[in-house]
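Take a look at the letters that make up each chain.
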Amino acid sequence: MNIKAQKRPVMLTLILVMFVTLWLIVAIFPFLWTFWGSFKVEADFFSKIDWKYSIFGIRTLAETGYNFTGNGYEGAWIEQEFWRSVINTLIVVVSVVVISLTLGTLGGYALARSGYRYAFWLLMLALIFRAMPHITLVSGYLLPFFQWNLWGHLPTTIIVMVAINQPFTLWMLHSFFLNIPKEMDESAMVDGCTRFQAFWHVIIPVMWPGVITTGLFSFLLAYNDFAVTGMLLSQENQTMVPKIASFLGSTTVKGNIMFAVAAVVSATMPLFILVVFFQRQIVSGLTAGAVKG
Amino acid sequence: MKHRTFMWFILPSLAAMILFIALPIFSVFTQSFFVSHGQVLIETENCGPFGCKKEVTVDVDATKQLNMENPLGKFNGFKTYTNRNHLAFQEVGIAWNSSASIFSFLKSLLNLPFYKALLFTITYTFCVTPFVIVIGLFIALGVNSLPTILKGPTIFMSLLPMIVTPLIGALILYWMIDAEGIIGATLQKVFDDSSLSLKASPSLTWIMLMVYGVWHAAPFSFIVFYAGLQTVPEDTLEAAMIDGANRWQRIWYIVVPYMMPLVVFITLIQLMDNFRVFEPIVGFSAQANATSLSWIIYNDLRGQDVQLFGSASTTSMLTILGVGFLLIPILVRTWRDFNTKTV
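Going line by line, the protein sequences match chains A and B. Residue 66 in the working numbering sits at position 66 of the first sequence; the count goes up by one each step and never skips. Residue 457 in the working numbering sits at position 164 of the second sequence; the count goes up by one each step and never skips.
Rather than coming from a laboratory, the hints here were simulated on the basis of the structure. Check the hints yourself; a few may be wrong.
[Stated by the list, open to error] Quick partial rundown of chain B residues pointing at chain A, CB under 7 Å, derived from the structure:
| hint | residue |
| --- | --- |
| 1 | F299 |
| 2 | E362 |
| 3 | P364 |
| 4 | G435 |
| 5 | I465 |
We treat Cβ as the ideally placed atom computed from N, Cα and C, and that holds for glycine.
Chain A with its partners taken away, still in its complex shape (with noise of 0.2 Å):
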């Protein structure tokens, strides 16, 4: 990298370093200060008259005779029973990304393997299938939902969910197998392997940090879901985005509001952790597609 063509004038780079300083306050202030809001009292958090009471808790102090407060997550995780929402979405999330998965790679694999022109189009009929707002795809089933008796569930919204991430799944995963050289299934059915073998025993193998990184995606997809668990579950069965926003209609009585805010603050820290451990597999997942098609 450190060829001249590379050097910049003082001045540029100054420029581009203040730039992305302040990109990072604006990326990153936002969680710092709800993380930090979300063990006050309603008064400090929303503290009209002076910010800084947010920052030292003077309220809180004065409500609760400390600086910090747990109510707000002891109303949401217990009162409100935010707990039962947090098993769903571990259901929910891991059953989607199991079975995106298990469809992704088969279909994924025959895709990138195919040479006939109707892979093709299979491509780009999931391409627009992916362009599918999915509420409009939400105002599709529900009506046969309810007359067939299947609203509510959970294994409903696992199944439609799936679906909804096939499109996405099968063209990442059809560009990670695309970087595997050809001939090494054709190695392994010249030796005798039928080509479901040469699938699972060669190909899946080093396949891993592709079906990683998509199961990254996957998800992403389905534990940021608002329109279809929001329409498809019912009250009891309700994941933790929807039961965030169910919290929002029914606490206009005061202090409840920060039974949302620690709530939407435990519902980020999953996240965090999986930024922290997956990066550079987050990274190049999103430029498998660019770079490389």
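Starting from the structure of chain A, add chain B where the hints point.
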């Protein structure tokens, strides 16, 4: 790969997509031609000492029976498409005839829910997308000039706005710009106007939603551009320098053309994602001033007393048509590339 093997490999995935994406589109199409049954009313006459009174009551059993027999509702043809809540042909006609200028016509168009949502969706899509590309590119250029040791943490922090759940991200910002939150209160102090509220004015609400959109999507374009910058051919850059090209010429004639496919890719993804803008409107409770196509479908489906399936489906069909228009240029382009490749 043999056709047969291909079919077995793709079958589960294809079946899932046909059952839960293609069929629902068909279901939306069918539902859009029906409206729910009205309630069955019965008229009874109550006669008392002071004369007879006619009373209208709802026949609950008959209504239930009707819904059981025909869950789709009654056939309505294209009437839902043309009514006031959707394309509103009649209202648009009246507005067209009675408005003196194009502006007053547009203004009366904005009183119609569908056009209001359409206008916001389109404005959002075409304002956020370019900003995301430009800001992402500058962040990428900036991060690229940082010392190696700082790059990792910077990328980590930059990823957060994109990775966070859209509804949660919107809420976090919403609480800060609330009149009593840190940004809202500070702005009131700076402008010395205690009635200043970002939520109250339509134009400020629109700007707020778009700022959220850029905040949320900029990391995506940053990462793509950053990865692209790592692979810019150094030999070509050096050759251009030897030939006497200055910095801007090198960027304009080598880096920019090299990054063009990435711009196309980001534009494609961003157009698709921004057109379905929905969660921020829920998160910011902005429905009074800004609604999107997705949001009005959601609102019909949640319906306060009755769920309006027919109305939601009609809006969905129109939205799908909109997505089709967005995708046409891309499909034509891919089709051309594909043909030139195989020939």
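Hints, one by one, checked against the model:
1. F299: holds (5 Å)
2. E362: violated (12 Å)
3. P364: holds (5 Å)
4. G435: OK, holds: B/G435 within 7 Å of chain A, min 4 Å.
5. I465: Hint on B/I465: holds, closest Cβ of chain A at ~5 Å, below 7 Å.
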